[in-house]
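Asker: Respectively, the protein sequence lines represent chains A and B. Each residue of the first sequence is one higher than the one before, starting from 567 at the first, in this note's numbering. Each residue of the second sequence is one higher than the one before, starting from 16 at the first, in this note's numbering.
By construction, these hints were calculated from the structure, which means they are not laboratory data. Since the structure is predicted, the reported quantities are computational estimates derived from the model, not experimental observations. Errors might be hidden in some of the hints.
Quick list of in silico lysine-lysine cross-link-like pairs, DSSO-like style, CA-CA up to 27 Å [said to hold, decoys possible]:
{"hint": "1", "chain 1": "B", "residue 1": "K102", "chain 2": "B", "residue 2": "K74"}
{"hint": "2", "chain 1": "B", "residue 1": "K250", "chain 2": "A", "residue 2": "K890"}
{"hint": "3", "chain 1": "B", "residue 1": "K143", "chain 2": "A", "residue 2": "K890"}
{"hint": "4", "chain 1": "B", "residue 1": "K133", "chain 2": "A", "residue 2": "K621"}
{"hint": "5", "chain 1": "A", "residue 1": "K917", "chain 2": "B", "residue 2": "K102"}
{"hint": "6", "chain 1": "B", "residue 1": "K84", "chain 2": "B", "residue 2": "K102"}
{"hint": "7", "chain 1": "B", "residue 1": "K74", "chain 2": "B", "residue 2": "K239"}
{"hint": "8", "chain 1": "B", "residue 1": "K216", "chain 2": "A", "residue 2": "K890"}
{"hint": "9", "chain 1": "A", "residue 1": "K956", "chain 2": "B", "residue 2": "K102"}
{"hint": "10", "chain 1": "B", "residue 1": "K74", "chain 2": "B", "residue 2": "K250"}
{"hint": "11", "chain 1": "B", "residue 1": "K102", "chain 2": "A", "residue 2": "K954"}
{"hint": "12", "chain 1": "A", "residue 1": "K890", "chain 2": "B", "residue 2": "K102"}
{"hint": "13", "chain 1": "B", "residue 1": "K84", "chain 2": "B", "residue 2": "K224"}
{"hint": "14", "chain 1": "B", "residue 1": "K143", "chain 2": "B", "residue 2": "K259"}
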Amino acid sequence: MPWLEPFSLTGWAEAIQSVRTHRPNDSLTSRARLRLELEADFNVFYGFVSADAEKNWQIEDETGIDLQEAWLEYAADRWDLRIGRQIVIWGKADGVQIADIVSPPDYTESITRDLDEIRIPVDAAKLRLLGDFVNTELIWIPVFEPAVQPSGDNPWAVETDLPDNVHVTMADVDEPDTSMENSEIALKVAAYFSGLDVAASVFHTWDDNPAYHRTIRREGDTVFVDYAPRHHRLTVLGLEFSRPWSDFVFRGEAAYYIGKYHETNPTALDPIQRDLLKWLGGVDWTPGNDWTVIAQITGDIIMNHDARMADEAFETMATLSISKDLLNQTLTVSNMLYYDLNENGIYIRPKADYALTDAWHLMTGADIFSGDDGRFGGYRNNSQVWVKIKYSF
Amino acid sequence: MHKKFLKTTLCFLTLLTAVSLAQASDTTVPTGLEIMTRVDDRPDGDDRTQMLTMTLSNKSGRQRIREVKSYSKDFGKDKKSVMVFEKPADVRGTAFLSWEYDDPAREDDKWLYMPAMKKVRRISGASKNEYFMGSDFTYDDMGDRNVEEDSHTLLGEEVVDGHDCWKVESIPVDPEDMYTRKVIWVCKAADMAIKAEYYDKDGLLKTFKALDFRQQDGFWTQFKSEMDNVSRKHKTVMEIDSVKYNTGINDNLFRVSTIQRGNIR
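Construct the entire structure; sequences and hints are all you get.
Answerer: Written out as C-alpha cells, the structure is:
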C-alpha cells in the first residue's frame with residue numbers, strides 16, 4: 567500500500583543467560599528483550615520511535631515495557647532540528663565515557679552491558695547548524711534525567727560495610743524540578759577536516775549522580791548518619807579530536823568538570839566540592855586481515871585534592887580491545903580488557919559472536935573481575951559466563 | 016608544366032604520408048599502464064546512485080545477502096561517496112562516508128556511522144585490502160585502487176565471451192600487498208575489466224567475471240558480476256539495480272553531519 571511506504575518497522579529479540587563462576591554458581595543475568603523501532607520518512611520530516619519489552623528473571627524491576635526514543639526531525643540544507651525523547655552520544659572514546667555525558671548511564675547491571683545499551687534517553691530539543699566542514703550543535707534539556715545505579719536485591723548493588731554502632735537513614739534523592747531555570751544546555755562545535763576531526767563543547771548540566779550530604783548525631787557509642795542525597799549543578803568543558811595516519815587513528819578526549827562533588831572516606835564528612843579533569847588518549851590499529859586493536863589510557867585528576875576524599879588525586883585506567891573476524895566474517899572473536907592502575911583491578915570481557923544466518927546470531931562470553939577493591943575488584947565474586955541468542959529483523 | 020607536376024606529386028605524397036602516419040598511430044598498441052588508466056578514467060557521469068546486492072555462498076551452498084545503497088559524486092578529480100547498508104538487519108542503517116583523493120600521496124578520509132553506537136567514528140583510510148562485508152570483494156576490488164599502485168604490463172589480446180580484450184598483468188608496487196599479481200582482461204569496446212584472476216604467494220586466489228555489462232544512459236555499467244574465491248571455496252555474486260547517472264545529487268549528502276543523523280536524506 568503506497569501510504570505505508572514512508573514507514574518501516576525493524577527491531578530485534580534477544581535472550582541472555584549467565585552463570586556466576588564463583589559459588590553458588592547461580593544466575594546473575596537472565597533476561598529476554600524485544601526491541602521495536604518504527605521509522606517514518608517524509609523526506610524533510612523524519613520520525614523515530616523505539617520501545618523495549620523485557621522480561622527479567624534476575625532483576626524484577628526491569629520487567630515491563632519502556633519507551634526508548636520518540637522524536638521528530640526536520641532537516642533543511644543548512645540546519646536540522648530534532649525534538650523529543652532521544653539519545654545523544656558525544657566523544658571519541660571506546661567503551662569509556664569522558665565528555666559523553668548528555669545521555670546519563672543506566673548501571674542496573676553495572677558495566678556488563680555494552681555501552682550502547684546503557685544510555686538513557688533525554689527529553690530534548692537539538693538544533694544543528696550545518697556547514698560544509700563545521701557543525702554547531704545546541705541542545706536544550708528541560709527535564710532532568712538521573713543516572714541509574716543498582717540497588718536493593720540487585721546482585722550488582724554495592725554493599726557498604728558499616729560498623730555495628732553506625733545507623734544510617736537515607737532520605738529520598740533531591741532532584742531538580744522541571745523548570746526553565748533548571749534546564750540543561752549544551753553547545754558543541756565540531757569540525758571535520760581532511761585528516762582531522764576536532765570538537766569543543768560546553769555543557770551546563772546537573773550531576774547525573776547525587777552527592778550524599780549527611781548529618782551526624784552521636785548518642786553514646788552509637789552514631790546516626792542521616793543521608794540527604796542531592797543533585798548539583800555542573801558545568802563541563804569538553805575537547806575531543808581524532809586523527810588518522812596510515813593504519814592508525816589517534817584519538818583524544820578531555821572534560822573539565824567545574825564544581826563536582828566528591829565522596830569522602832569517613833562517614834562523618836560531607837562530600838567535598840572540587841573541579842575534576844577526565845582525560846583519554848587512544849589509538850585504533852587496523853592492520854588488515856580483519857584484525858582491530860584499540861588501546862586507550864584514561865584518567866581522572868581531582869584539582870586541589872583533599873586527603874579525606876574517597877578517590878585518589880590521580881586515577882588511571884588502561885583498556886585494550888582486540889577483535890578478529892573469521893570464517894568469512896561470520897565469526898567475530900574479541901576481548902576487551904580494563905586495567906585499573908590504582909587498585910590493580912582487572913575486568914576482562916572475552917566474547918565470540920557467530921552469525922548462524924543473516925538474522926540469527928549466537929554469542930557467548932564472560933565478564934571476569936579480579937582485584938581486591940575498587941571499581942572492578944569489588945565485583946570479584948560477580949564474574950560470570952553467559953550465552954546470548956539474538957534475532958534481528 | 017614539369018615543375019607544376021612535380022609540386023602536385025610532392026603535395027600528394029606529403030598528404031599520403033600524413034594519412035598513413037595518422038593511421039599507423041591509431042593502430043599503435045597501448046601500454047598496460049595506458050589501458051588501465053583508460054579503465055580508471057572510463058566516463059561514469061558526474062554522480063551516480065545505485066543499489067548493490069551481494070549474494071554470498073559458501074561451499075555448502077549456504078547463502079547470505081548484503082544490500083547497500085550507494086551514492087557517489089565527483090568533486091574535480093576527487094570523489095566523495097556514501098554507502099548505506101540495508102541488509103542484513105543487524106547492520107541496517109550503518110553508513111560509510113569516504114572522500115577519495117586523486118593524489119595517491121594523500122590519504123582518503125573515511126567515517127563510519129554505526130546505529131547501535133549512534134555516533135560517527137573516524138576510521139583509518141589505509142586498509143583497503145579487507146573484504147567488504149564478508150564478501151569476496153575487497154574495498155580495492157570495488158574500485159578504490161589507484162592505477163599507480165600497480166605496475167602494468169600488456170600480455171596480449173584475447174577474446175572473452177565474444178568480446179575483444181586486452182590482457183594485462185598488474186603487479187602491486189607494495190610487496191606487502193595481499194595479491195602478488197593480477198591478470199586482467201579489459202574489454203576494448205567498453206574500457207572495462209570483464210575478467211580477472213588474482214594470485215597470492217600460494218597461487219590462484221580468486222577469479223572475477225562480469226556476467227552482464229551494457230550501456231546505461233551512455234555509460235558502460237556492470238549489472239552483474241561474480242567473484243569466485245578458489246582458496247576459501249566461497250563465491251559472491253554482485254548485482255546492481257536502480258542505477259542512475261547525473262541526477263544532480265546534493266553535495267550535502269557527503270557531509271559527516273548527514274550520516275550522523277542516522278538516516279540518509
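Asker: Take the C-alpha atoms of B:K102 and A:K954, compute the straight-line distance between them, and say whether it is at most 27 Å.
Answerer: Given that 27 Å is the threshold and the Cα spacing comes to 22 Å, the pair holds.
Asker: For a C-alpha distance cap of 27 Å, please report whether B:K216 and A:K890 respect it.
Answerer: It holds: about 23 Å lies between the C-alpha atoms, which stays within 27 Å.
Asker: If you draw a straight line from the CA of B:K102 to the CA of B:K74, is it 27 Å or shorter?
Answerer: Distance ~22 Å between B:K102 and B:K74 Cα, so the pair holds.
Asker: Check the hint pairing B:K143 with B:K259 against an upper bound of 27 Å on the C-alpha distance.
Answerer: holds, 26 Å
Asker: Between B:K74 and B:K250, does the CA-CA distance stay at or below 27 Å?
Answerer: Measuring from Cα to Cα gives roughly 8 Å; hence the hint holds.
Asker: Regarding the pair B:K74 and B:K239, is the alpha-carbon distance no greater than 27 Å?
Answerer: Cα-Cα ~21 Å, so holds.
Asker: With the threshold set at 27 Å, check whether the alpha-carbon distance from B:K84 to B:K102 stays at or below it.
Answerer: Cα-Cα ~10 Å, so holds.
Asker: Does B:K224 sit within 27 Å of B:K84, going by the straight-line distance between their CA atoms?
Answerer: With a Cα-Cα distance of about 22 Å, the restraint between B:K84 and B:K224 holds, given a limit of 27 Å.
Asker: Hinted pair, alpha-carbon criterion (27 Å max): B:K133, A:K621. Please report holds or violated.
Answerer: holds, 25 Å
Asker: Holds or violated: B:K143 with A:K890, Cα cutoff 27 Å?
Answerer: holds, 16 Å
Asker: Is A:K956 close enough to B:K102, meaning Cα to Cα at most 27 Å?
Answerer: holds, 16 Å
Asker: Under the criterion that the straight-line Cα-Cα distance not exceed 27 Å, is the pair A:K890, B:K102 satisfied?
Answerer: Cα-Cα ~22 Å, so holds.
Every hint from the earlier list agrees with this structure, and none is contradicted.
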